[in-house]
Amino acid sequence: MLRHIKEIAIKDLRLEFRTKSTLNFMLLFALITSMMFSISVPFQSIQGTAPGLLWLVFLFVGLMGFSRAFLREVELGTLDGLKSAPVSPSDILLGKVIYNLVLVLIMEAIIVPVFIGLFDLEIGNLPLAFLVITTGNAGFVVVSSSLSTLVLRARSRELLAPLIMFPVIYPVISTTISGLRMAMGGGVLMDVKNEFILLVSFIIIMLIVSLLTFEYALED
Amino acid sequence: MKAIEISNLVKRYGNFTALRDVSLEVNIGDSWAILGPNGAGKTTLIRIISGQAKPTGGEVKVFGVSSNEFTEEIKRRIGILSHNHLLYEDLTAWENLIFYGRLYGVEGIEDVAEDMLRKMGLIGRADDPVRTFSRGMKQKLAIARALIHSPDLVILDEPTSGLDVRSRKDLADMVSSLKRDGKTVLFTTHNLEEVSEFCSYVAILHRGRLLGTRRVGGEPLEDYYLRLVEDASTH
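Protein chains in written order, with the working numbering: chain D, 1 to 220; chain C, 221 to 455.
Mixed in with the good hints there might be a few duds.
[As the list claims (entries may be wrong)] Restricting the straight-line Cα-Cα distance to at most 27 Å, the calculated cross-link-like pairs of lysine-lysine (DSSO-like) are: (1) C/K358 to D/K20; (2) C/K339 to C/K389; (3) C/K389 to C/K399; (4) C/K274 to C/K222; (5) C/K399 to D/K6; (6) C/K281 to C/K222.
What the hints contain is simulated information worked out from the structure, not anything from laboratory work.
For reference, chain D alone in the conformation it holds in the complex (with noise of 0.2 Å):
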């Protein structure tokens, strides 16, 4: 029910911004690790590199971040303030998608323009790219919504969760990394179609895998 994952949605963002325990922690990274690019990549290099490295910004951040909008839940032990409610699962999941959704639009505002900043890059189509790495990480944060319940009554979970999230969403790293390229090189919508097409389904598919399953995932 849509009213369910709105309230979901809103509370998780409430403590985040009240607490940004999450947010400061992925900028904070995501900074460190662009600034180690920075110096380490060499600039005649930096035009071809620049989409993967990005990418790979992006990728150790959300690894990290993502999952901590079910880890939080259960070190709480809120979590099963949620199961008993008369809340779908799979509304507890969408609330969380979307929660993840709007720090990753965050990050992606803060971090692509300082990321273009200090490589001093030139982008042919600005609008294309923040649209392939908008998706890459839609496909992202399904993932990493989904499979961190997995993970949750792990002893090393913190660690385990990139573990399995890696080889799911090599996918989406490879598709976004070349409509990244694309979009850098001056590409237009039609030239990224295929990239598209494979980032949306991978998204169909995980959500409607992700909402079928969840339910086991969350019990006992």
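Place chain C on chain D using the hints.
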């Protein structure tokens, strides 16, 4: 229709069996204590009744609906007060009640939340984050959270643990008030004294087995409990 019907309930976690062949019936309006030591399976039983966990075998029905098919309507009729208070520490008392109230679809939630906070004596701290509250204040807010939607079945899972004398008295008053209002109350405890204080019936749970049930009164509860545990150990 019964408030709770449990038949041949089994719950396993891997090789560990938390509940073995548990059967129990609770009438609407009754107040029951589930008495047992730590590790007896009380919380597991509560988690299944409240829809947080699914049984491995057997069946649990709440107001006639199987726990495997719990609808939102059934969950709306259950309120749970866990030993974990289920509150968001960085949200204010007000925000916690509004959040849960909206999840439960409470109409006029702002008025209901204000009324609840006033009843619990927390209205002056409504806008303070829960992490600044004492244990007793958190427990009062947890009670308000559990009752925000006026549930017909109230489940209290070891609610007195860590409470001071005053908060314990408030809790006892709250349970009495629920019983007067005709609510069904299910209360877990490992404390014999609390059984007669809070409930009319008792079920003895030991190592995942339900050893016996009876009305409170008559034979001293301690003797009854020890006799059942001894019988279970010898058989």
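Status of each hint after checking the structure:
no.	hint	verdict
1	C/K358 to D/K20	23 Å, holds
2	C/K339 to C/K389	14 Å, holds
3	C/K389 to C/K399	15 Å, holds
4	C/K274 to C/K222	20 Å, holds
5	C/K399 to D/K6	35 Å, violated
6	C/K281 to C/K222	8 Å, holds
The structure shown violates just one earlier hint, number 5.
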